[in-house]
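Could you build the full structure based on these sequences and the hints that come with them?
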Amino acid sequence: AQKVTQAQTEISVVEKEDVTLDCVYETRDTTYYLFWYKQPPSGELVFLIRRNSFDEQNEISGRYSWNFQKSTSSFNFTITASQVVDSAVYFCALSEMTTDSWGKLQFGAGTQVVVTP
Amino acid sequence: DTEVTQTPKHLVMGMTNKKSLKCEQHMGHRAMYWYKQKAKKPPELMFVYSYEKLSINESVPSRFSPECPNSSLLNLHLHALQPEDSALYLCASSQHSEETQYFGPGTRLLVL
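Protein sequences appear in the order of chains A and B.
Each residue of the first sequence is one higher than the one before, starting from 3 at the first, in this note's numbering.
Each residue of the second sequence is one higher than the one before, starting from 111 at the first, in this note's numbering.
Derived from the structure by calculation, the hints contain no laboratory data.
There's no promise every hint is true.
[Unchecked claim] To give an idea of the chain B side of the interface with chain A (calculated C-beta under 7 Å), a few residues: (1) A149; (2) P153; (3) V158; (4) L198; (5) S207; (6) F213.
Virtual Cβ for every residue (Gly too), placed ideally from N, Cα, C.
As structure tokens, then:
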């Protein structure tokens, strides 16, 4: 069963617009981690942020911000004032702390972000 | 420094060839991973090594053989691959298996 759902397949914006990427996850664990990774056309997965299940504090880091809500099992990500260099596939991922899942990153399908000048 | 290196960047091989992919990290991480990623799909975990021991094998076919010679190196030996094995192979490492994984640039493999 899909544990991480990224319903948006592709989002296209014009430079300087804000972009919000949705992520909904499913787990029975009380302890887990959520991640966002960025994959530009070059292929390398770039780590952006990690949140544990006990830390619902939302954060802003430069043009990036995150909204973690356990009540709705969502971990959304926003790029403010988008730039062409933000064009990439963005993956949300879940890591559970059960014995069978220890060390496994379970990725969503990814959202392609296209920023045009 | 969060650098994971992978060689080669590109590899073309026939179905009867034997080749190896190499991954290296010098961050003192004790967990290392191999992922396979097909076009327009998320990465899929293949193997996890923790403290140089294989801890997870996601039912990967035996034509893929991982090896962890030491805590900094991870190899993936390839033999008798099929065209459907063509993909981007990503290596990652983390301090421990529950910590953040940092990925290398990947090896793009084409099997003819």
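These are the hints, each one checked on the structure:
| no. | hint | verdict |
| --- | --- | --- |
| 1 | A149 | violated, 11 Å |
| 2 | P153 | holds, 6 Å |
| 3 | V158 | holds, 5 Å |
| 4 | L198 | holds, 6 Å |
| 5 | S207 | holds, 3 Å |
| 6 | F213 | holds, 4 Å |
The earlier numbered hint that this structure contradicts is number 1, and it is the only one.
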